[in-house]
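If you read the sequences in order, they're chains P and A.
No gaps in the numbering here: position 241 of the first sequence is 241 in the UniProt record's numbering, and each next residue is one more.
No gaps in the numbering here: position 36 of the second sequence is 36 in the UniProt record's numbering, and each next residue is one more.
Only true hints are included.
Derived PhoX-like pairs: lysine-lysine, alpha-carbon spacing no greater than 20 Å straight-line:
id, chain 1, residue 1, chain 2, residue 2
1, A, Lys-166, A, Lys-127
2, P, Lys-110, A, Lys-197
3, A, Lys-202, P, Lys-110
4, A, Lys-31, A, Lys-197
5, A, Lys-232, P, Lys-230
6, A, Lys-254, A, Lys-47
Just so you know, the hints here were simulated from the structure itself, not pulled from any lab data.
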Amino acid sequence: MSSLNYIEDSINCNIRIDGRTLLTYRSIEINKNILVSGDGSSSVINEENNVICGIKLSLITPDVDTYDEGNVNLQIDCPASVAANRIKKDHLQTMTTIIYNLCIKNNINKKILCILPGKFAWSVDINVMVLNAGGGLLDIISIAIYVALKDTFFPIVKPKKEIEEENTFHEISNKDYQLEIVENEHVNFPYENIPICISIGEINNKYIYDMSKVEEELVQNIFVVAITSKGKCVAFHKLYGISMEISSILNITENSSKISHTLFDKIHQALDKIHANM
Amino acid sequence: MLKYRAPLPHFNCKSKFDKIYEENLNNGSFKRINNRKNNEIRDMFIKLGEDENFGSSCFYSLGNTKILTTVYGPNPDSKYATYSKGKVFLDVKSLNINTIGASDRQRDDDIKSLLIECISNIILLEKYPQCSIKIKCLIIQDDGGCLSATLTCISLALIKAQIQMKDIIISININSIICPVTKKMYHLVDLDGMEEKYYQSKYEMNSITLGICLNLKTVCFYHGTGSFFNSKTLAEITSYGECACKSLGSEIKKVLKQYTKKRIDSIYQKVNVLE
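Isolated chain P, as found in the complex (with noise of 0.2 Å):
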């Protein structure tokens, strides 16, 4: 109990028990590419969390109701053999629903993922492992699903038709398409409008960001602020808590972009490293 009254009085003087300020970030340590077998990947880790991100694309045949749309999924696991600090599986249901509903939901246009309206179209599965969970894990899953969907790319796939020659009706015609891959091409991802989550902590009317996994028991309200990369507020979510104030609500998005600034130079940073690096 006395440890945690240490933390809170520090939190009170805007220094943290690891010596940053409140609104400092943890040094984040990116990886893409890192499965070869799939589309898109990447790998992010910081002090507490460790989340590899892996993404595969297959076709599918498009619904009656959204037959010009691809698919997006989204699966969060953290399997309980590997993970050294483990969640429970209604949380990790819970974060599923707010990431997919917060960044992916409505920030991906799902008409470019179509090949052939009704017939082709791209399907898409986020597939999120977490292998080691602390504070701030929303962050760092919308991160690794940030960078894995930049790095994927879809081969230009090209519908032919062919209509069949063993046709006993005369005014029935069956057509048939075949798809032919266009080798050597392939087009991005549209990953511009995808944002990253930053969860703001709320302790005695001091806002915390990147929480560690202490302070995040400490914490009553968390508030949760998707934020795309040029400065734009998308969507929000409160977490925990019922005693957050209206005003309080409306400084944490104001000051969340600001930090969402700083949090993009980092991920972009560590990009350039790695491409510097192949």
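Knowing the structure of chain P, use the given hints to seat chain A on it.
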């Protein structure tokens, strides 16, 4: 046979919605397609009751959105609940004849995942050690605003079950629309299903679900998706939604007072009969 043919419509005939849309563009104002005001909430109906398995239930309808919630518990549960705190289980189902196009299971799981954190924090779980509380929601009909109606219905069902809570939750959904010509922003309260689909296709729209503790006056649920949030528009939307939640909350308080009065009168009648 020729005299029974109906006349064809004129070649530049417009539907009712398109007429309202063009009228909104020409005038500077905004008119909803179902003739409601911008801050008008649909008709509300609440019925509290019990079912035969000793669970407390609440039926809540807001326009054509109808939710039925049943609360069982607190029951002793040594498997899931911990020694110091109880545990809340939430199950959301919707009837399959409702939805067109949307995936039922994914939407139900979305509502469950978004609401379970809020419900777990509103109930005083320290009062129920080694117990579990089961909440089952049935979405009978979905005509827009399903997430907010489910949250309000769960809160009322927990009140009926007399489970100790910090406060009653009142939830409402607000949508913001930008006019493409004048770039002016309009805030609409409590859209129904037809309005949601139509405005999504015509305008650029933000959508916020706001849940407020009625007496504490704090925010307990806040979920928004859209494309143009900033702190100025958020301030307008939140104050707009707060007024809507307060007016809806006062109506709900009236219904609860009437229900309590009926219960007290029926108890007095039983006492008189016994005497």
